[in-house]
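Both chains are sitting in their own frames, so use the hints and assemble them into the complex.
For the record, the sequence lines run as chains A and B. Numbering-wise (the working numbering), the first sequence opens with residue 73 and increments by one. Numbering-wise (the working numbering), the second sequence opens with residue 114 and increments by one.
Hints in this document: simulated from the structure, not taken from any laboratory. Mixed in with the good hints there might be a few duds.
Stated by the list, open to error - Every beta carbon over 12 Å from chain A, so not counted as near; a handful from chain B, in silico: (1) Ser128; (2) Thr136; (3) Ser143; (4) Thr213.
Claimed, not checked - The calculated DMTMM-like cross-link candidates involving lysine to aspartate or glutamate, where the alpha carbons are at most 20 Å apart (straight line), are: (5) Lys178(A) / Glu157(A); (6) Lys158(B) / Asp204(B); (7) Lys126(B) / Asp214(B); (8) Lys116(A) / Glu155(A); (9) Lys119(A) / Glu161(B); (10) Lys178(A) / Glu155(A); (11) Lys140(A) / Glu155(A); (12) Lys127(A) / Asp156(A); (13) Lys158(B) / Asp159(A); (14) Lys116(A) / Glu190(B); (15) Lys119(A) / Asp214(B); (16) Lys178(A) / Glu161(B); (17) Lys178(A) / Asp159(A); (18) Lys116(A) / Asp159(A); (19) Lys179(B) / Glu161(B); (20) Lys158(B) / Glu190(B); (21) Lys127(A) / Asp214(B); (22) Lys119(A) / Glu157(A); (23) Lys140(A) / Asp124(A); (24) Lys119(A) / Asp159(A); (25) Lys158(B) / Asp124(A).
Every residue, glycine too, gets a C-beta built ideally from N, C-alpha and C.
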Amino acid sequence: QSALTQPPSASGSPGQSVTISCTGTSSDVGGYSYVSWYQQHPGKAPKLMIYDVNKRPSGVPDRFSGSKSGNTASLTVSGLQAEDEADYYCSSYAGNNNLVFGGGTKLTVL
Amino acid sequence: QVQLQESGPGLVKPSQTLSLTCTVSGGSISSGGYYWSWIRQHPGKGLEWIGSIYYSGSAYYNPSLKSRVIISVDTSENQFSLMLSSMTAADTAVYYCATTDTNGFIIYWGQGTLVTVSS
Numbered sequence: 073q074s075a076l077t078q079p080p081s082a083s084g085s086p087g088q089s090v091t092i093s094c095t096g097t098s099s100d101v102g103g104y105s106y107v108s109w110y111q112q113h114p115g116k117a118p119k120l121m122i123y124d125v126n127k128r129p130s131g132v133p134d135r136f137s138g139s140k141s142g143n144t145a146s147l148t149v150s151g152l153q154a155e156d157e158a159d160y161y162c163s164s165y166a167g168n169n170n171l172v173f174g175g176g177t178k179l180t181v182l
Numbered sequence: 114q115v116q117l118q119e120s121g122p123g124l125v126k127p128s129q130t131l132s133l134t135c136t137v138s139g140g141s142i143s144s145g146g147y148y149w150s151w152i153r154q155h156p157g158k159g160l161e162w163i164g165s166i167y168y169s170g171s172a173y174y175n176p177s178l179k180s181r182v183i184i185s186v187d188t189s190e191n192q193f194s195l196m197l198s199s200m201t202a203a204d205t206a207v208y209y210c211a212t213t214d215t216n217g218f219i220i221y222w223g224q225g226t227l228v229t230v231s232s
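The following block holds chain B by itself, in its conformation from the complex (with noise of 0.2 Å):
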């Protein structure tokens, strides 16, 4: 059974750059087969895709997250990782890693990381 675990700061400053690491086990991300996946939750609200990579690099996005995110692949690691650029209070939410299957459904979560955007 995959596992995946997020790991990255839980406070961010206004402006600043959110970095995020998902690792991966029981499973290998070059196997290729599935997508890779960010999806965040606002605090008490639903849930938003935020984007996905393949193993071979290929990476999709929510237009509109896309003008500030970079989500990038790192398989000798078995790590996959999300940018999120000029932060703010309304990016403080619930950030979740995900195993997506071809059909877009989410297999797998990891069990999310709560970053908060202050001063």
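Extracted from the complex, chain A is given alone in its bound form (with noise of 0.2 Å):
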């Protein structure tokens, strides 16, 4: 299995939106509606942020959005905060009870 594809970087000012994509196959992404989101502080563990395409576990934020067509996935962040600059990882259920991530997101808070 390969790992999901990503921008290594993204940015926006505070209050802009920013979407975040994550490309798979149809073995992975595409396959199924078991994508996640998690956000990386550094020296952090990730954070989960988005579970299952597009529902939020409670705590984070209704700014933190997820969707998902065909092979590809997005994470769409509105009204930036500097809070939000971390390194946002993807990740699908890729059959057989196998994970695959990500390579990762930058977000800079301009």
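Written as structure tokens, this is what we have:
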């Protein structure tokens, strides 16, 4: 299984919206509605932000939203805030109880 | 709230076998409903799923690591473990243990432990 493809970087000004893409194949992203997104600040463990494509865990601001079309999933962060600056990783179920991650996107708040 | 804590050596010599243990608190592995996973992150790089195990002992591994990995579970101690053989410098990484939902998303993460492979 190959890693999912994410852009290495993304940026936006405070208050703006930014969308991060995550491209896989029909064997992972396109084949299941089991895409999740994680936020990771430097030196910290990742934190679940979105699961099952577009569901938010309790405590995650509704500024974070997820979607999927075909083999590409997306994470949108609206109303960017300084604390949103972090690395973001997507992940997908890949069949046979396997998981696959994306390479990560560094989000910069300008 | 479930908490996970990794333990094991921070330094491993090339060709040796890494052994890490994850101790779970605030929840019981044997209650079922979740998988228990190992994930690693090479320095400055992305996340890599190593494998997952169910309380019953059924284990699933990343195909790229399958020949070198064994994940086991000890429900009596509420722990699960990782063994990774034939370690090389390319295995230097932060190793995380985690609680994984049956849909594949990771609910809880340990704090991570840095393992360096060096002679």
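Task: Hints breached by this structure - done: 4, 7, 11, 14, 20 and 25
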